[in-house]
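A.B. asks: Residue-level listing of the chains:
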Amino acid sequence: VDERARAIEAVYRERYARFRDVLISLTGSRELGADAVQETFAQALRDRHAFRGEGSLEAWIWRIAVRTAGRQRRAQSASGGSHDVSTNGTVVPAPAWSDLDPDLAHAVRSLAPRQRLMIFLHYFADLSYAQLADVCAVSEGTVAATLSQARSALVDILRAKEFQR
Amino acid sequence: MTSEFDRRTTGEGDLDRRFRAVRSDDTSDLDWDDVSGRADEASTRGYLRSAGRRQARPWRPFHLGWGLVVAAALLVGSGFGFGLGSRETSSGSATTNVVGFGFLPAKGWTVVQSGTVGPTGGARAIAANVPLHPDDEVGDVPYATLESLPARGILISATFTTRGDPTADMRFPDRKLPLRLVGAKPVSPAKEALPFAGRVAAYRLRAAVGGYNVDANAYFGTVPDSEAMALAQRQLSRLVVASERVTIAARPSIVPANQRVTIFGSVENGQAGELVTVEGKDCGATPAFFREVASATTGEGGSWSTEYMPRINTTLRAVWKGTASAQIMVRQRPHIALVRLPSKRFRVQVAGKAQFWRKRVLIQRFERRLGTWKIVRSVLLTESGGYPGSGEAVSWAEFRARIPSGSLVRAVLPRRAARPCYLAGYSKLLQT
Numbered sequence: 001v002d003e004r005a006r007a008i009e010a011v012y013r014e015r016y017a018r019f020r021d022v023l024i025s026l027t028g029s030r031e032l033g034a035d036a037v038q039e040t041f042a043q044a045l046r047d048r049h050a051f052r053g054e055g056s057l058e059a060w061i062w063r064i065a066v067r068t069a070g071r072q073r074r075a076q077s078a079s080g081g082s083h084d085v086s087t088n089g090t091v092v093p094a095p096a097w098s099d100l101d102p103d104l105a106h107a108v109r110s111l112a113p114r115q116r117l118m119i120f121l122h123y124f125a126d127l128s129y130a131q132l133a134d135v136c137a138v139s140e141g142t143v144a145a146t147l148s149q150a151r152s153a154l155v156d157i158l159r160a161k162e163f164q165r
Numbered sequence: 001m002t003s004e005f006d007r008r009t010t011g012e013g014d015l016d017r018r019f020r021a022v023r024s025d026d027t028s029d030l031d032w033d034d035v036s037g038r039a040d041e042a043s044t045r046g047y048l049r050s051a052g053r054r055q056a057r058p059w060r061p062f063h064l065g066w067g068l069v070v071a072a073a074l075l076v077g078s079g080f081g082f083g084l085g086s087r088e089t090s091s092g093s094a095t096t097n098v099v100g101f102g103f104l105p106a107k108g109w110t111v112v113q114s115g116t117v118g119p120t121g122g123a124r125a126i127a128a129n130v131p132l133h134p135d136d137e138v139g140d141v142p143y144a145t146l147e148s149l150p151a152r153g154i155l156i157s158a159t160f161t162t163r164g165d166p167t168a169d170m171r172f173p174d175r176k177l178p179l180r181l182v183g184a185k186p187v188s189p190a191k192e193a194l195p196f197a198g199r200v201a202a203y204r205l206r207a208a209v210g211g212y213n214v215d216a217n218a219y220f221g222t223v224p225d226s227e228a229m230a231l232a233q234r235q236l237s238r239l240v241v242a243s244e245r246v247t248i249a250a251r252p253s254i255v256p257a258n259q260r261v262t263i264f265g266s267v268e269n270g271q272a273g274e275l276v277t278v279e280g281k282d283c284g285a286t287p288a289f290f291r292e293v294a295s296a297t298t299g300e301g302g303s304w305s306t307e308y309m310p311r312i313n314t315t316l317r318a319v320w321k322g323t324a325s326a327q328i329m330v331r332q333r334p335h336i337a338l339v340r341l342p343s344k345r346f347r348v349q350v351a352g353k354a355q356f357w358r359k360r361v362l363i364q365r366f367e368r369r370l371g372t373w374k375i376v377r378s379v380l381l382t383e384s385g386g387y388p389g390s391g392e393a394v395s396w397a398e399f400r401a402r403i404p405s406g407s408l409v410r411a412v413l414p415r416r417a418a419r420p421c422y423l424a425g426y427s428k429l430l431q432t
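Here the protein sequences line up with chains A and B, keeping their order.
Per the working numbering, the first sequence starts with residue 1, numbered consecutively.
Per the working numbering, the second sequence starts with residue 1, numbered consecutively.
Bound-form chain B, shown alone (with noise of 0.2 Å):
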């Protein structure tokens, strides 16, 4: 009879081995100069760490001099203006006709805004009575600071998308600013397994407001009593949305090949039926311009969506009524294909818009022991031709290689033949 304690030795060391089977050693995708990029990118688009970092302390009277420098900054580097609202608006509430996504700040409130609205993530402010703990990131929930909130701590935390996914919009019902906490709904942090979970309690708001989705989360380091209410919502009267004329995002932002991209975005007035031009800009093209390649209705709130399938990195940007969008960047992976032939032979050709010819494919052997997959060999691509009418190119070459029976078998395009217009790209899984 097997005693509990081999039962679980046996099932461990078994457990061991079938992770070690599904883990991969392949580092073909690895790419520090697209690593370096993005770094300097999201600095360029003004991610205001630094900024951000400064201003993350309580306002008061002496530091009045330093909190004009912290906002000169925001308002400098967000390219959102935010920071306009309060001359903007008045009674000290927030409207949709400025520019910027945030808080305005306030005596005793600690306000940081970051990132930019995006496929993979939206801009978030944060709204505090506390200071920020310095281990939190600026673009992230503030876990630390969550971790460690007093009881009379109020944290509102703010992320901004934009409109123009339905299944994302039905969730985010239409509301006007200033944003009101007594439609949040309380929320618990134990049903998220969040580290904070059982000492703070925590509410959450959802409101369609100017082509944003917002989701505001408003965390008290106690069940909130009517005047710590008064205090959240006096901040929260003081959330600014922000109103560009038109907007774009696209999902998913890494595109395998031959799937279609969902591009979706909303415009200032909020109305139907506007025409959106969405104009697309490939990788390599020559002379770069942008040129139209899709197009769409407003729907309901201003909202618009549509498809397509870039085949190649691409930058889009949507055009209304003369004014365009920020650009976003799609990248696409290129479509290759492992064909099994006779007499031990395989093919392996790759097809995108730009020329793979004399490019080198790696065919990889999984090695099921190892739980690695092994370079089998490297393929040239030798021959050349096109898919008449469809613009693309296709490469290919035949080989000869000796590989078990039974085994799983890939092609990788590395990253550093693919580029500058296409990510690395996989074959489906074949068995010999």
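Bound-form chain A, shown alone (with noise of 0.2 Å):
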């Protein structure tokens, strides 16, 4: 085993729960979202010789793993999913994690894919402004800005949402 592949499984030991915690909330099952964490890591060690170094081996990682939700993603869609839902005319998984807190849940649905997807990073996976920058190919400007239109977006769906009970 090489050193890089050694180096993906650490990254895959120590970030395994954050990988997997954003990955069902972007594929919407925990069934896909599980899977998609295994099916990423092993893209990454069969394709770790294309890794060039710029950037982090963690940033690459995601970005796969970013892609390999969004197969899956329409794959199940294709499949017309049961988690289909739309908003605002796109069609939008309903998070995994709806049961714990379904207005937040609704709220995150509502949001651009953009800003959804920045938001699960952000939020669940820990990543700084820079590595988010990476992972989205955006500058960091691009992504405070996302951020912040999201964040508010949300707030304000929550706050409406407490104000009509």
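Quick caveat, the hints were computed from the structure, so don't treat them as lab data.
Hints are not guaranteed to be accurate.
Below 20 Å or equal to it, Euclidean Cα-Cα: the simulated DMTMM-like pairs (lysine to aspartate or glutamate) are [claimed, not checked]:
hint	chain 1	residue 1	chain 2	residue 2
1	B	LYS428	A	GLU14
2	A	LYS161	B	ASP14
3	B	LYS374	A	GLU14
4	B	LYS428	A	ASP99
Computed far set for chain B versus chain A, every beta-carbon distance over 10 Å [what the hints assert, rightly or not]:
hint	residue
5	SER24
6	ASP34
7	ARG260
8	GLY270
9	GLY280
10	LYS281
11	CYS283
12	TYR387
13	PRO404
Ideal Cβ placement from N, Cα and C applies to all residues, glycine included.
Dock chain to chain to rebuild the complex, using the hints, since each chain is given by itself in its own frame.
C.D. replies: So this is what it looks like as structure tokens:
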């Protein structure tokens, strides 16, 4: 086993829960999310020689993870998966943790895809603005603006929900 | 009165707390062996990562020798014989009487093919008149290349999935090869929130060809003129679609307890009324052989589908007219139940076609303050029995635990206890 494979395994062991939380949120299913984590690291392991050392190894794996989740979600969506719910005209999976905080799950689903992705990566994966910029291939300024808009939207929705009660 | 600053600060602190509350630090599912196994399995199935990388450069006369090496690697490695189409096809257009997915090579075009048709994804083929960006993954949309696509750049990406899922099939009209771009619909990358939105013109063409659903997307660096469209059409005409005799796929590929899986596929001749037999091999069964578990009759277009409840990790294949398809694996989670009994006692039981007696189940309580699952205790399954006639064994144990009232608890059978014939499993949440 080469050095890079060991590094990937170390990321897996250390950050497994964070990857799983983000991917079950992105796919909307615990099964798909858990499967996506395994697929992500399998692909990272298989393609480890393609990592050119630009940026961190973890950010590179996160990029694979986001693509894998998208692929699984599209496959599930194409099969008419039961989690498909339309909000704002787009198909958004319900986060698999909806049962723990339904209001927050509802609010998250109303966000734009990029906002939702950054929210998950920021709150579940604890990625910094710089790491988010690396993963999403945007500038740190864009990350800050997107997260700010997303948080603001979430707060407004959650407050409106509380007010309704 | 609350200022905007206070409103936002308070709200965002609350957000942080709420997101932490739904996080989980449980790592009982962690399974590096499975990751390694998948990586090895994919390599042997011919993902052709290295071949794809080597081939990812424009074809030029002085690259002829290198191109032949790549073509040979594709022929041997893919298992589909991609590339034979050039011999079998007349007038430069592809037909379905070859076995393979992808674009035939052409001067000035980079062509890459990867993956196998499976339940969570399909094979993908890419053709581009520009070099592919090294950051792109062979089996995914080449985002990096699309982000830097020059004005005269053209990239065609096609995915291939097995027909047989009625919901998906209805979106793919029957078409013949070669596919025609005139039937493609313009799509807006902005709607998909793709990073290259606004710069790239995209067209989408869906087609049912030879038992497969083909989803082709043509991307242009700018709004295409007739010359660019003609160039793209010429490359699209070089699309080859596989013609395996019988195909099979399963959805979902990971099955929760007591759930059925939909198995579907298609047969080569595309005719209705053909009988397809599904054979399964249970994990751990001795002797290990395939036995018939389901059957289906093909509908219009040769697609078939049926349902099956595996109840244990199972290898499946479809058999039609004496020919077996490629094998697929459906993985199962065990059935776990956590029941509250009087006097602070609980009962946990695990059922499945394998024996879980003397295995340990973790009882976890959700720590709302920290947003994590904490292990309350580990319970050894000391009792065992069976459901008459079902072929299933059930193992259980009763235990006493002091759990604060109002807590959310669950039972978890970790992967290490469930393997090799099951994945890790969870019970439903129980409120004490």
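A.B. asks: The structure should be examined with respect to each hint, and the outcome stated for every one.
C.D. replies: Each hint, compared with the structure:
Taking the CA atoms of LYS428 (chain B) and GLU14 (chain A), the gap is about 27 Å. The hint is violated against a cut of 20 Å. With a C-alpha separation of about 14 Å, the suggested pair LYS161 (chain A) and ASP14 (chain B) falls inside the 20 Å cut-off, and the hint holds. Between LYS374 (chain B) and GLU14 (chain A) the alpha-carbon distance is near 18 Å, which keeps this suggested pair within the 20 Å criterion. With a CA separation close to 11 Å, the supplied pair LYS428 (chain B) and ASP99 (chain A) stays within the 20 Å bound.
The claim that SER24 (chain B) is not at the interface with chain A is violated, since a C-beta of that chain comes within 10 Å of its own (minimum 6 Å). Residue placement check: ASP34 (chain B) does not keep its beta carbon more than 10 Å from all beta carbons of chain A (closest about 5 Å). The claim that ARG260 (chain B) is not at the interface with chain A holds, since no C-beta of that chain comes within 10 Å of its own (minimum 13 Å). GLY270 (chain B), annotated as away from the interface, keeps every beta carbon of chain A farther than 10 Å; the closest lies near 21 Å.
No Cβ of chain A approaches the Cβ of GLY280 (chain B) within 10 Å, the least distance being about 20 Å, so the stated non-interface status holds. Every beta carbon of chain A lies more than 10 Å from that of LYS281 (chain B), the smallest distance being close to 21 Å; the non-interface claim holds. Chain A leaves CYS283 (chain B) outside its interface by the beta-carbon criterion, the shortest separation being 17 Å against a cut-off of 10 Å. No beta-carbon of chain A is positioned within 10 Å of the beta-carbon of TYR387 (chain B); the least distance is around 24 Å.
Listed as a non-interface residue, PRO404 (chain B) keeps its Cβ farther than 10 Å from every Cβ of chain A; the least gap is roughly 17 Å.
Comparing the model with each earlier hint shows violations of hints 1, 5, 6; every other hint is respected.
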